[in-house]
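Going down the list, the sequences are from chains A and B. The opening residue of the first sequence carries number 1 in the UniProt record's numbering; numbering runs sequentially from there. The opening residue of the second sequence carries number 1 in the UniProt record's numbering; numbering runs sequentially from there.
The set of hints was computed from the structure by calculation and includes no laboratory data. Mixed in with the good hints there might be a few duds.
Per the computed footprint, the stretches of chain A lying under chain B, defined by three or more beta-carbons under 8 Å from a beta-carbon of chain B, are [unchecked claim]:
id, segment
1, 87-100
2, 149-157
Across the chosen pairs, the derived CB separations fall in these ranges [stated by the list, open to error]:
id, chain 1, residue 1, chain 2, residue 2, range
3, A, E137, B, P141, 53 to 59 Å
4, A, S40, B, Q46, 27 to 33 Å
5, B, A142, A, Q46, 44 to 50 Å
6, A, R97, B, A136, 27 to 33 Å
Computed from the model, here is a short list of chain B residues facing chain A with C-beta under 8 Å [claimed, not checked]:
id, residue
7, L133
8, L135
9, P138
Yeah, the Cβ is synthetic: ideal placement off N, Cα and C, and Gly gets one too.
Number of protein chains: 2
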Amino acid sequence: MPLRVVGVDPGLTRCGLSAVDVERTRSASLVDVTVVGTASTVALDQRVLAIADGIEAWLDRHAPDAVAIERVFTYTNVSNVMGTAQAMGVVLAAAARRGIPVGLHTPTEVKAAVTGSGQADKATVTAMVTKILRLAEPPKPADAADAIAIALAHAWRGAAPGSLAAASSGTAGGLTPAQRAWAQAQAKASGGGRRAEEARLRALAKRGR
Amino acid sequence: MPLRVVGVDPGLTRCGLSAVDVERTRSASLVDVTVVGTASTVALDQRVLAIADGIEAWLDRHAPDAVAIERVFTYTNVSNVMGTAQAMGVVLAAAARRGIPVGLHTPTEVKAAVTGSGQADKATVTAMVTKILRLAEPPKPADAADAIAIALAHAWRGAAPGSLAAASSGTAGGLTPAQRAWAQAQAKASGGGRRAEEARLRALAKRGR
Chain A
1 MPLRVVGVDP
11 GLTRCGLSAV
21 DVERTRSASL
31 VDVTVVGTAS
41 TVALDQRVLA
51 IADGIEAWLD
61 RHAPDAVAIE
71 RVFTYTNVSN
81 VMGTAQAMGV
91 VLAAAARRGI
101 PVGLHTPTEV
111 KAAVTGSGQA
121 DKATVTAMVT
131 KILRLAEPPK
141 PADAADAIAI
151 ALAHAWRGAA
161 PGSLAAASSG
171 TAGGLTPAQR
181 AWAQAQAKAS
191 GGGRRAEEAR
201 LRALAKRGR
Chain B
1 MPLRVVGVDP
11 GLTRCGLSAV
21 DVERTRSASL
31 VDVTVVGTAS
41 TVALDQRVLA
51 IADGIEAWLD
61 RHAPDAVAIE
71 RVFTYTNVSN
81 VMGTAQAMGV
91 VLAAAARRGI
101 PVGLHTPTEV
111 KAAVTGSGQA
121 DKATVTAMVT
131 KILRLAEPPK
141 PADAADAIAI
151 ALAHAWRGAA
161 PGSLAAASSG
171 TAGGLTPAQR
181 AWAQAQAKAS
191 GGGRRAEEAR
201 LRALAKRGR
């Protein structure tokens, strides 16, 4: 049984939401992806409510094992960081209220996990997500690829609750026994671990150019 | 019938919540005040959920006509602004979901409204809140005074939804007819308007020194 991860690329104008199933072989399939949000002309409380309604419906529909959110540090202006953080707030509360473990990942971590390089550009991330999920064309809406990449990164890498690494290293208090067993089997199957995986991804990216 | 305003001084560690009744004569009485929040050692999703649970219970208990939140612009570090904005996010969503109009006020606006000076220090704000509400001693918890000041500022001043000025100038789409009638009567009763009110507050602050 796969691990289902909901990925969230937070924002008030465009908040990407994905649902991805990741097998113990690390192969992944796209369940669903969308973008929710409102124009900046809408009143702030209604904007935040739109994100809250969107994520709650998404979590109830897809019942994920984990939620992964992009953690963003630096912005050119304070108004952006406030809106992104307000969206994060309602996503965090929605997950916590449902008892779903949450992981935060920086953009660098997400890019490294899906492309092998923390400095990858947006086009490379979209191309890799399309390959990894064996999609005929890039995911739509166009800016939804990040939400998918976040979910993949969460399943594949390090110590956040609900991720495979956290489960296999025994540090994930939030996992069910079934999730833990799945993760341990997956960790065993993945063999050489993250370094081999990153080399594999780099080779895959190179072939794609 | 008084206008009931819930004031929120947002934060994850200490989030001040007040409920204040403001009469059409501008006299105000404290209904309730508290501080919710968790230590910074608690997991982020649980911290945000604690704020969401706290504000939702508070709104359901006090059924306010409006919610007023402190709007904060500048911080010394990004970690603070993220936490404050995440707390704001769940407060905004909780109010919007209940159809309660929300107003945001800067610290300068709040200080000016309750002390007559936008540069007032914390002790002056606490002293003025204590006087305005005719309390025998400063409100407890000690850092709850700001949440009360925000509610008072909202009821007394400018154009935010649910505030008196917004109602009397006819710009508040979110008000019920009863709220609007109350606000218009209040605006008439307050006579000389904001300038006289601020002079009165400055005189009151001066006598208190």
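Hints, verified against the model:
Counting residues of the segment 87-100 of chain A whose CB lies closer than 8 Å to any CB of chain B gives 9, which reaches the minimum of 3, so the coverage claim holds. Coverage of the segment 149-157 of chain A by chain B is violated in this model, with 0 residues showing a Cβ closer than 8 Å to a Cβ of that chain against a need of three. For E137(A) and P141(B), the Cβ-Cβ distance of about 57 Å falls inside the hinted range of 53 to 59 Å, so the restraint holds. The hinted range of 27 to 33 Å is satisfied by S40(A) and Q46(B), whose Cβ atoms lie roughly 31 Å apart.
In this structure, A142(B) and Q46(A) break the distance hint of 44 to 50 Å, their C-beta atoms being roughly 34 Å apart. At about 39 Å, the beta-carbon gap between R97(A) and A136(B) misses the expected band of 27 to 33 Å. At about 27 Å, the closest approach between the beta carbon of L133(B) and any beta carbon in chain A exceeds 8 Å, and the interface hint on this residue is violated. Violation of the interface hint for L135(B) is found here, the shortest Cβ-Cβ separation to chain A being roughly 30 Å, above the 8 Å cut-off.
The criterion of a C-beta within 8 Å of any C-beta in chain A is not met by P138(B), whose closest approach is roughly 30 Å, and the hint is violated.
The structure fails to meet hints 2, 5, 6, 7, 8 and 9 from the earlier list, while all remaining hints are met.
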